[in-house]
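Peer 1: Those sequence lines, one after another, are chains A and B.
For the first sequence, the positions run 0 to 590 when numbering that gives the first Met the number 0 is used.
For the second sequence, the positions run 0 to 427 when numbering that gives the first Met the number 0 is used.
Just so you know, these hints were derived from the structure itself, not from any lab.
Heads up, the beta-carbon is just placed ideally off N, CA and C, and yes, glycines get one too.
Heads up, a few of these hints could be off.
Beta-carbon label-pair distances, calculated as ranges [stated by the list, open to error]:
#1 B:353 x A:570: 51 to 61 Å
#2 B:139 x A:584: 27 to 37 Å
#3 B:381 x A:142: 56 to 66 Å
#4 A:497 x B:338: 52 to 62 Å
#5 A:479 x B:169: 28 to 38 Å
Chain by chain, the residues run as shown.
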Amino acid sequence: MALRESFAGPERPRPEEKASRRRLIFRVEQPFGRGFSIGDVVVMIGLAVLIYVGARLALRAPEMVEGPTISLSPRMLPYYALRSIGRMAAAYTLSLFFTLVYGRLAAYNRRAERVLMPLLDVLQSVPILSFLPVVLLSLSAILPERTAAELASIVLIFTSQVWNMTFAWYQSLTTIPVELREASAIFRFNGWLRFKVLELPFAAISLLWNSMMSWAGGWFFLMAAEIFTVGQRDFRLPGLGAYLQEAASQGDTRAILWGIGAMVLVIVALDQLVWRPLLAWADRFKLETVEGENPPKSWFYDLLQNSRLLEQVSEKVWQPLNERVDTWLIRRAGAPEGTKGKGNPPYLLYAAGLIVGLGMAYGGFRTALMLLSVPASQWGEIGLGVLATLLRVSTSLLIALAWTIPVGVAIGTNPRAANYLQPIVQVAASIPATALFPVFLLLIIGLPGGLNIAAVVLMLTGTQWYLLFNIIAGASAIPQDLKYTSALIGLSRWKRWQTLILPSLFPYIITGAITASGGAWNASIVAEHVEFGGQTLFTVGIGALIARATATGDYPLLLAATLTMVLAVILINRTLWRRLYRLAEERYRME
Amino acid sequence: MPTNGYLLEVRYVQQIYRTGSRQFVALQDVNLAVREGEFLCLLGPSGCGKSTLLRIVTGLQRPTEGIVLYRGQPLRGVNPHATIVFQTFALFPWLTVIENVEVALKARGVPPKLRTARALDLLDRVGLDGFEIAYPRELSGGMRQKVGFARAMAVEPELLCLDEPFSALDVLSAEALRGELLELWTEGKIPTQAILMVTHNIEEAVFMADRIVVMEKDPGRVVAEMTVDLPHPRQRRSPEFLEQVDKVYSLLAGQTQPEYVELGAAPGEPGRIRALPPITINGLAGLLEHVAEMPDRRHDLYRLAKELSVDSNHLLQVTEVAELLGFATLGSGDIALTPLGETFAEASILARKEIFATRIRRLPMFRWLLSLLNVAENRRLKWDVVLRALELEFPPDEAKQQLETIVNWGRYAEVIAYDDATETLFLE
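Looking at chain A on its own, in the form it has when it is part of the complex (with noise of 0.2 Å):
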């Protein structure tokens, strides 16, 4: 630690905390790898061994699932809502848990940052959405029907919300800057003095803004567990998601229109009431040195603030509790902990290291025999699938691209126009295009090649949001010297695109296609294989595999194809997306 430290000097600069927050909002934190290493092939191996372990179970899951019988009638829709609520908080808060856990364990031992950081990293960018069936199923194998559906959306939503928040975490335990370290280490704070008051408060803007991202993105997933349907099995949930389905497929506009108020209802007022008051209070964590221009408003923590009730409650009762458990915990944790001491060499880890390894390659083994029996025409059908869902998540990015460059730049120069539209924009974005899925699908499964259009339609409503905000962002953050000039000089239109605007999106279009292509690909498991109105459309695809997979239990096809969409998807994120990213980093980053 210390050798760390003394060579990065005590000048680290740290980016304007001001853009890089602007960018956190929209953009995971791609750490920058160097292709593969051993640690990716050995997540890879154990990403493979429990899909089996899943696949295995799910042999004996049951034949046939029975769905909850979905009410139409509006005044379900408040129950529904609790339901799906309840749902995401309880992922979330396992969620924030394990990212308290597995960030500060990275972050503060050398070794089990080597494992840990990897395992992080292509768990990222793991298509969450191709699990469900396998956790659906295996979980169904061994608890009841119901519980298992519940079980199964909590973990999907958790897999889907967590990693980003680990990462942020993460990177602020390694960033606290090494002054308030060593104040704490100075001023002899324990563990718990240290946590309260420097690292949770140094991580709580990034962690908040992470959390809001996840949260927004657990929707999209929560929906997709809702209505998920195969075959004989029914998995779906009561929430929100499974009501506006149901409204779909029984063709009920009026329910349609219910469905959607409440969900929209639902995100504004969770984002009105819960994370803006939470972005409000959290400005006080800011490291910068100045007061800064526009902190984050939020009208009712100003109307919480102003309470009286809350002040006594706060004076009467809190401020006394906190005291009460500063006082204990800083007693019994005693002295502090000196510097990290070397400590034995971990017998038991390694112990456990190796029956995990051996574990591993038994299941290995296993796993390539299943894969064995898969028969080539399988494979050969995977392939194709493959590439079938490539050309769909490239059209809707294409499509999406096209509308929202011009459209993000006219917002985005035009500080008037983003005042209106910002807001609307980001409630269209609240709402999870998986929730509107069977709505599109009512409109859109008429029309000669339907399902494929759907699909395509799906991937463009879960994706086009990421881009516009971004080119939004990246467009009003063009210097307006820059813009000036290139108007002194008289660059033509077309000219002016070429050398200002296109240059200086281009890091925040490669951002947003990141998270973009990644929603696609998940979206590809809903959307190429539906159970509709009581039919059966299906489209080539991997997605349509995985679920017709599931369909008949035909569990090594079902492991063979989740398998091969993890690695395509890797492969394509490390080979493509993290190369340009890398790019748009190192060139075009305007700081």
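Add chain B to chain A, keeping to what the hints say.
Peer 2: Just chain B now, with coordinates in the frame of chain A:
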């Protein structure tokens, strides 16, 4: 107590960093003793390991070798009787002024009522009453550092360590705060037994300390020690004061050696490699022009620092470059231009480039790199390749800075060019 009058003793302390098979000596054989009642200053250029030493004596860092004795007892872990006032204040931005002070007491288990009373008293003493519930970001630099002092004093340390506490402040606040600290200290208003301050500002050291320990870099070591016997409050303009300052300058700037000694070895050769000070050419030209206007083309370094209003650390770096390139000689705290230096000062922009180019070609670092480039394919080398080579000689960060300086100078002299897109260095 077997303290033989010393509060703190540092014996044969070495700090060595290893990267791969290379090792870098940050501190070599440092011996140091602080008496009770003493204000001791560690003075030296950046990179001489003085801040590292401070972290070692407070127990924040364990030395590779050697021991630290506190009141005759070997130090284990963080020294509970010492605190640090940090250069960058190290206040928690999310805590108010009073919370920042209180948290230090809270960590020691002081109950709430007593804690608040003590914090209020200290804030009062440093003149911060009325700002208790302000956040650090609402305060000026000087006031923030007052919070830093209040927090440090709140735990009533026996040994107060100051890590360049005034260098991040503007000139006026720094001066005011120095005076206030000295007042608290000399009049015994704080229970502190000794103060250990790290600085690279020569005047500051002479203004405040009872004793100055002068350190040098490559490797970090103690090179001299001097006592400052002037009574407080000291007069910065008095001849005695200036004489002391001049003396320190002559210790730190050294005496110009024969050229082969000054230039040192090239990377890969045996012998000490002279690291290039990370300064830009503009600063050098400004200095030479200024000295050229003086009678006899020579000047006192301490006056130069005043007239150019640069801090002594930066000035010494610039003069080191002037010396290295043969534009000036240093001795007894004076700088004198050589004929070449005069020519440079009076030359046109283009002529300056030419002179500069011929001079840097003589530097072992440039000789080494130019010969590398000459044998390289297409006379081009990747940045990373050169960096790896330099990392054999310098710690990674230092290597990077060396390379950046090389490119900066090389570009100015039109000797070496660098293409950022391909990250390659090539010959002009």
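Peer 1: Confirm or reject each hint.
Peer 2: Evaluated hints:
For the hinted restraint 51 to 61 Å between residue 353 of chain B and residue 570 of chain A, the CB-CB distance of approximately 55 Å keeps it satisfied. At about 36 Å, the beta-carbon gap between residue 139 of chain B and residue 584 of chain A stays in the expected band of 27 to 37 Å. Separation of residue 381 of chain B from residue 142 of chain A is about 57 Å and conforms to the stated range, judged on CB atoms against 56 to 66 Å. Range check, residue 497 of chain A to residue 338 of chain B: about 54 Å between beta-carbon atoms, so the 52 to 62 Å window is met.
Residue 479 of chain A and residue 169 of chain B have their C-beta atoms about 30 Å apart, which keeps the hinted 28 to 38 Å range intact.
In terms of the numbered hints stated before, the structure departs from none.
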